[in-house]
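S.K.: Sequence:
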Amino acid sequence: MPETLPTSPSQLLAMLDDLNYKTVTHTHQAVFTVEESNEVTANIKGGHTKNLFLKDKKDNYFLIIAGHHAKIKLNKAHKLIGAHKRVSFASEEKLMEYLGVKPGSVNAFAPLNDKEGKVVVIIDAPLLENEFINAHPLTNTMTTTISKEDLLAFLTHVNHAPKIVQLSEIDDNAHL
Numbered sequence: 014m015p016e017t018l019p020t021s022p023s024q025l026l027a028m029l030d031d032l033n034y035k036t037v038t039h040t041h042q043a044v045f046t047v048e049e050s051n052e053v054t055a056n057i058k059g060g061h062t063k064n065l066f067l068k069d070k071k072d073n074y075f076l077i078i079a080g081h082h083a084k085i086k087l088n089k090a091h092k093l094i095g096a097h098k099r100v101s102f103a104s105e106e107k108l109m110e111y112l113g114v115k116p117g118s119v120n121a122f123a124p125l126n127d128k129e130g131k132v133v134v135i136i137d138a139p140l141l142e143n144e145f146i147n148a149h150p151l152t153n154t155m156t157t158t159i160s161k162e163d164l165l166a167f168l169t170h171v172n173h174a175p176k177i178v179q180l181s182e183i184d185d186n187a188h189l
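So in the working numbering the end of the sequence shown lands on 189, straight run, no missing numbers.
Accuracy of the hints is not assured; some may be wrong.
Stated by the list, open to error - Calculated cross-link-like contacts (lysine to any residue; reagent style SDA-like; alpha-carbon spacing at most 25 Å): (1) K115 / T38; (2) K161 / S104; (3) K35 / E142; (4) K161 / M28; (5) K115 / L168; (6) K70 / T154; (7) K71 / N126; (8) K131 / H173; (9) K161 / G113; (10) K35 / N64; (11) K98 / A174; (12) K161 / T46; (13) K86 / T46; (14) K115 / V47; (15) K107 / H173; (16) K115 / V53; (17) K70 / K58; (18) K176 / A138; (19) K92 / H82; (20) K84 / N64; (21) K89 / R99; (22) K176 / V133; (23) K35 / T152; (24) K115 / T154; (25) K68 / M28; (26) K176 / T20; (27) K176 / N64; (28) K68 / F102; (29) K161 / T40; (30) K86 / K107; (31) K70 / V53; (32) K68 / I177; (33) K176 / T40; (34) K71 / L93; (35) K161 / T38; (36) K58 / S181; (37) K71 / K131; (38) K92 / Q179.
If you are wondering where the hints come from, they were derived from the structure by calculation, not from laboratory data.
For clarity, every value in this text was computed on a predicted model and none was experimentally measured.
Please put together the full structure from these sequences, using the hints given.
M.R.: This is how it looks when you write it as structure tokens:
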């Protein structure tokens, strides 16, 4: 397989195993939104993620990893993450180019595909209140549970040590 292709889910899971991270992976139907994932998340303990791939006016890219019910106001986020002026969602092409995934599969493990360090990883601080974090392992047909310590260590291992920032407001009306 040429190096230019993104990492496959099986390669990621093998890498996590090689790094001695304890993970559990569940296979399920494809989910594209937080609402669609509610059935999946109800059966897997730990904090579940939603991910936002954003860009600013100077073509700086950001991956925000937050709890699935977190409310993040994009019109305020740019000041907190170090973006130049306002942020918007990045294109599908840049998502594949930098993170190696398609829309609906943006996830906390995808920075391993960003070999040039184009993407700044931001974790919304409340997500780390969970002992375990659940994220898609590069595909939205699986969910991998990993300890928060191992997720942070993994991101550092792939040269994307995250910035931890309080970005969200918790939705009190969300079904937890």
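S.K.: All hints, please: hold or fail.
M.R.: The hints, checked one at a time:
no. : hint        : in the structure
1   : K115 / T38  : holds, 20 Å
2   : K161 / S104 : violated, 29 Å
3   : K35 / E142  : holds, 19 Å
4   : K161 / M28  : holds, 17 Å
5   : K115 / L168 : holds, 20 Å
6   : K70 / T154  : violated, 33 Å
7   : K71 / N126  : holds, 22 Å
8   : K131 / H173 : holds, 10 Å
9   : K161 / G113 : holds, 23 Å
10  : K35 / N64   : holds, 22 Å
11  : K98 / A174  : holds, 23 Å
12  : K161 / T46  : holds, 22 Å
13  : K86 / T46   : holds, 18 Å
14  : K115 / V47  : holds, 16 Å
15  : K107 / H173 : holds, 17 Å
16  : K115 / V53  : holds, 20 Å
17  : K70 / K58   : violated, 38 Å
18  : K176 / A138 : holds, 9 Å
19  : K92 / H82   : holds, 22 Å
20  : K84 / N64   : holds, 12 Å
21  : K89 / R99   : holds, 8 Å
22  : K176 / V133 : holds, 8 Å
23  : K35 / T152  : holds, 19 Å
24  : K115 / T154 : holds, 12 Å
25  : K68 / M28   : violated, 28 Å
26  : K176 / T20  : holds, 23 Å
27  : K176 / N64  : holds, 14 Å
28  : K68 / F102  : holds, 6 Å
29  : K161 / T40  : holds, 21 Å
30  : K86 / K107  : holds, 22 Å
31  : K70 / V53   : violated, 36 Å
32  : K68 / I177  : holds, 18 Å
33  : K176 / T40  : violated, 30 Å
34  : K71 / L93   : holds, 16 Å
35  : K161 / T38  : holds, 15 Å
36  : K58 / S181  : holds, 21 Å
37  : K71 / K131  : holds, 12 Å
38  : K92 / Q179  : holds, 12 Å
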